[in-house]
Amino acid sequence: MLRRLPFSPWHLLLMPLALLFALPLVQMVLTAFMPDGDINRFPPRLIPSRLQLDGFVGLFTESQALRWLLNTVIVAAIAVLAQLVLCSMAGYGFARLKFFGRNAGFMMILATIMIPAQLLMIPTYVMFSRLGLIDTLAAAFVPWLASAFGIFLMRQFFLSLPAELEDAARIDGCSTFGVFWRVVLPLARPALATLTVFTLLGSWNDLIWPLVAISDESLYTMQLGLANFQGTRHTQWSLLMAGNVVATMPLIIAFVLAQRQFVATMTFSGLKG
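Note that full-length UniProt numbering gives residue 221 to position 221 of the sequence shown, counting from 1, and the numbers run on in steps of one.
Hints listed in this document are in silico derivations from the structure and should not be mistaken for laboratory results. In this text, a Cβ means the ideal position worked out from N, Cα and C, and glycines have one as well. Treat each hint with caution, since some may be false.
Unchecked claim - Okay, the calculated beta carbon distance ranges per label pair:
#1 GLN64 x LEU120: 25 to 31 angstroms
#2 PRO9 x ASN205: 32 to 38 angstroms
#3 LEU86 x LEU120: 52 to 58 angstroms
#4 LEU120 x ASP172: 43 to 49 angstroms
#5 ALA77 x LEU25: 22 to 28 angstroms
To be verified - For lysine to aspartate or glutamate, the following EDC-like pairs were computed, each having C-alpha atoms within a straight-line distance of at most 20 angstroms:
#6 LYS98 x ASP54
#7 LYS98 x GLU164
#8 LYS98 x ASP38
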């Protein structure tokens with residue numbers, strides 16, 4: 001019977017799991033359009049009695065949500081661009097260039113992944129304070145300019161590419177940078193797309209470090225601004241859910257656009273399993 005199905009039998013397991021993971025997202029969207037009476041009702045109401053836009057109106061009129069969204073876009077854009085440039089160059093250097101201490105240097109960079117970010121907050125804060133970056137937008141994006149994971153990801157992908165392609169380009173007169181720019185990077189689009197998704201997710205959703213480094217409300221990122229809607233005795237649920245919808249939709253769109261390249265990178269870079 002299973003052989004007659006128009007899809008893989010695995011879909012019988014994956015479809016219920018997908019629905020299970022999608023339920024919180026659907027509930028968040030429905031709550032964003034609920035009246036306050038439905039949100040605060042006990043037992044909670046899953047389907048709104050009527051749809052309204054009060055949460056979205058309040059989000060953009062009672063707060064600086066547009067400013068927070070712009071700050072988040074700036075931070076994420078700089079982080080993605082910097083990681084694509086710096087991590088790809090560093091990954092290519094560790095994968096192809098021969099220099100003294102290459103393996104030791106790569107292992108030291110890789111070892112930093114095992115250091116909890118919380119242990120680095122105090123020294124990072126002190127360093128940023130001496131540089132005059134505290135309470136500026138730069139404090140939010142400078143830690144995202146490069147990452148050990150990005151270097152590792154790009155290195156693994158470059159190692160999977162045939163070295164004969166680069167040798168042929170050098171025979172034709174290409175310099176090392178020319179080989180990297182004209183031959184290697186065009187082939188690395190799946191890895192670059194995956195690095196973009198990971199960096200976008202991390203920089204867009206970052207909360208703890210901006211909470212420590214930024215106190216000016218006009219410099220808040222979206223996640224930091226939304227945290228203000230939650231208080232000890234009162235939470236503005238309609239505004240909070242509307243803000244979460246606004247903050248989540250760009251990430252979902254980005255993942256849908258890059259999912260094919262994401263899967264391809266997992267296949268070629270040895271990160272499966």
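Against the structure, the hints:
no.: 1; hint: GLN64 x LEU120: 25 to 31 angstroms; result: 29 angstroms, holds
no.: 2; hint: PRO9 x ASN205: 32 to 38 angstroms; result: 35 angstroms, holds
no.: 3; hint: LEU86 x LEU120: 52 to 58 angstroms; result: 19 angstroms, violated
no.: 4; hint: LEU120 x ASP172: 43 to 49 angstroms; result: 45 angstroms, holds
no.: 5; hint: ALA77 x LEU25: 22 to 28 angstroms; result: 24 angstroms, holds
no.: 6; hint: LYS98 x ASP54; result: 61 angstroms, violated
no.: 7; hint: LYS98 x GLU164; result: 17 angstroms, holds
no.: 8; hint: LYS98 x ASP38; result: 64 angstroms, violated
In summary, the structure is inconsistent with hints 3, 6 and 8 from the numbered list given earlier, while agreeing with the others.
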